[in-house]
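Novice: Protein chains in written order, with our numbering: chain A, 214 to 425; chain B, -16 to 191.
Calculated from the structure, these hints are not laboratory results. Do not rely on the hints blindly, as some may be mistaken.
Unchecked claim - Pairs of lysine-lysine, DSS-like flavour, derived with a Cα cap of 30 Å:
id : chain 1 : residue 1 : chain 2 : residue 2
1  : B       : K188      : A       : K310
2  : B       : K177      : B       : K115
3  : B       : K184      : B       : K121
4  : B       : K125      : A       : K310
5  : B       : K188      : B       : K115
6  : A       : K248      : A       : K412
7  : B       : K44       : A       : K322
8  : A       : K240      : A       : K412
9  : B       : K115      : B       : K130
10 : B       : K115      : B       : K61
11 : B       : K44       : A       : K312
12 : A       : K274      : B       : K44
13 : B       : K44       : A       : K310
14 : A       : K228      : A       : K322
15 : A       : K310      : A       : K274
16 : B       : K130      : B       : K177
17 : B       : K177      : B       : K188
18 : A       : K322      : A       : K312
19 : A       : K312      : B       : K188
20 : A       : K322      : A       : K412
21 : B       : K184      : A       : K310
22 : A       : K228      : A       : K248
What the hints assert, rightly or not - Facing chain A, a subset of chain B residues (Cβ under 7 Å, in silico):
id : residue
23 : L43
24 : S94
25 : N96
26 : D99
For glycine and all other residues, C-beta sits at the position ideal for the given N, C-alpha and C.
Spelled out, the chains give:
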Amino acid sequence: MGVTCVSQMPVAEGKSVQQTVELLTRKLEMLGAEKQGTFCVDCETYHTAASTLGSQGQAGKLMYVMHNSEYPLSCFALFENGPCLIADTNFDVLMVKLKGFFQSAKASKIETRGTRYQYCDFLVKVGTVTMGPSARGISVEVEYGPCVIASDCWSLLLEFLQSFLGSHTPGAPAVFGNRHDAVYGPADTMVQYMELFNKIRKQQQVPVAGIR
Amino acid sequence: MEAPPVTMMPVTGGTINMMEYLLQGSVLDHSLESLIHRLRGLCDNMEPETFLDHEMVFLLKGQQASPFVLRARRSMDKPGAPWHLRYLGQPEMGDKNRHALVRNCVDIATSENLTDFLMEMGFRMDHEFVAKGHLFRKGIMKIMVYKIFRILVPGNTESTEALSLSYLVELSVVAAAGQDMVSDDMRNFAEQLKPLVHLEKIDPKRLM
Chain A
214 MGVTCVSQMP
224 VAEGKSVQQT
234 VELLTRKLEM
244 LGAEKQGTFC
254 VDCETYHTAA
264 STLGSQGQAG
274 KLMYVMHNSE
284 YPLSCFALFE
294 NGPCLIADTN
304 FDVLMVKLKG
314 FFQSAKASKI
324 ETRGTRYQYC
334 DFLVKVGTVT
344 MGPSARGISV
354 EVEYGPCVIA
364 SDCWSLLLEF
374 LQSFLGSHTP
384 GAPAVFGNRH
394 DAVYGPADTM
404 VQYMELFNKI
414 RKQQQVPVAG
424 IR
Chain B
-16 MEAPPVTMMP
-6 VTGGTINMME
4 YLLQGSVLDH
14 SLESLIHRLR
24 GLCDNMEPET
34 FLDHEMVFLL
44 KGQQASPFVL
54 RARRSMDKPG
64 APWHLRYLGQ
74 PEMGDKNRHA
84 LVRNCVDIAT
94 SENLTDFLME
104 MGFRMDHEFV
114 AKGHLFRKGI
124 MKIMVYKIFR
134 ILVPGNTEST
144 EALSLSYLVE
154 LSVVAAAGQD
164 MVSDDMRNFA
174 EQLKPLVHLE
184 KIDPKRLM
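Could you build all of it, start to finish, from the sequences and the hints given here?
Specialist: Laid out in structure tokens, this is it:
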């Protein structure tokens, strides 16, 4: 996968989540981007069950198990500031077996769904982030396919982001951080989504009645 | 093809539980060649396949009496192959007529940072070993003839010593739950390997 930047688009003043998404997608279509199907990224949170804490003597850690429709046969499991494991979909079956040790916080399942747009070498995905029935925000993912080294194409990505996000253009993602010359991979994208979901979870509920 | 029999274990999360059917036996070192020769004749025609794997067994201790066991296996001679994570359940106490040991199994291919990830989850390594041997296939049956090596210095797979003067022989099939005819096929195949090796159902609990 090429270098990717995942960011949040704030809801436009006086508009709903859905209307803001429509504004964005219209801008993309005017640029000349082609609609190419849909995408979905979801995330479930697990925490170490109380029974295992005693033996380890450490605070319970949160483990995120995520899926990305771009990689339908894979499952990503990660810890915040920890390793990200890429496994096949049987990992979900294993999590069912580990029910006694890792409890899923059912209420915290979060996902983003939306449309994929292809514009030359860029793949743009604009999604509505939902927790249960309510829409909580908007995610924007832009991937520059031909390049896998972050430092080589960040400025180009930034320019493209500015062309349709305007003042809401994000800064360089934290995952690029100290590893500018390392090869970018799907695990880095999932870390960005995890950070985005955590940020949205902490934000106040968007004051609209959700998507209908 | 007729519909498969009703599965005995419930379908959870949209996937069917897979079971491993297993028969085990062993041969002394000096009988290895004749066994390999017969297997080459009986099994599917393919290039002889050898393997050199390093397996680590991880435990997660909880309040339950028995810890959760996971096996992480990596290939030492095939660079770039994914790591293999395996969960094996307790052997099913079915009818005594069933010819093979049956247990629930979940196989997962993972990236290389598996051990770091398991440690982060709270697992601790219990023991490790190196397995070196041959692999054969006959339809869905997998036959492995391998030697187990003890690792003398933890983490160092270069210095190993053989555990015994024999090779472990395993005949296994991974199939959906409820397919008992699989164990009949396995028993028939095992008959053809007698008297070179006696493959039987060995209950791990009786060894402890």
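Novice: Does each hint hold? Answer for all of them.
Specialist: Checked hints:
no., hint, verdict
1, B:K188 / A:K310, "21 Å, holds"
2, B:K177 / B:K115, "23 Å, holds"
3, B:K184 / B:K121, "19 Å, holds"
4, B:K125 / A:K310, "25 Å, holds"
5, B:K188 / B:K115, "25 Å, holds"
6, A:K248 / A:K412, "28 Å, holds"
7, B:K44 / A:K322, "27 Å, holds"
8, A:K240 / A:K412, "26 Å, holds"
9, B:K115 / B:K130, "5 Å, holds"
10, B:K115 / B:K61, "13 Å, holds"
11, B:K44 / A:K312, "14 Å, holds"
12, A:K274 / B:K44, "16 Å, holds"
13, B:K44 / A:K310, "14 Å, holds"
14, A:K228 / A:K322, "25 Å, holds"
15, A:K310 / A:K274, "19 Å, holds"
16, B:K130 / B:K177, "20 Å, holds"
17, B:K177 / B:K188, "25 Å, holds"
18, A:K322 / A:K312, "16 Å, holds"
19, A:K312 / B:K188, "24 Å, holds"
20, A:K322 / A:K412, "14 Å, holds"
21, B:K184 / A:K310, "25 Å, holds"
22, A:K228 / A:K248, "24 Å, holds"
23, L43, "6 Å, holds"
24, S94, "4 Å, holds"
25, N96, "5 Å, holds"
26, D99, "5 Å, holds"
The structure shown violates none of the earlier numbered hints.
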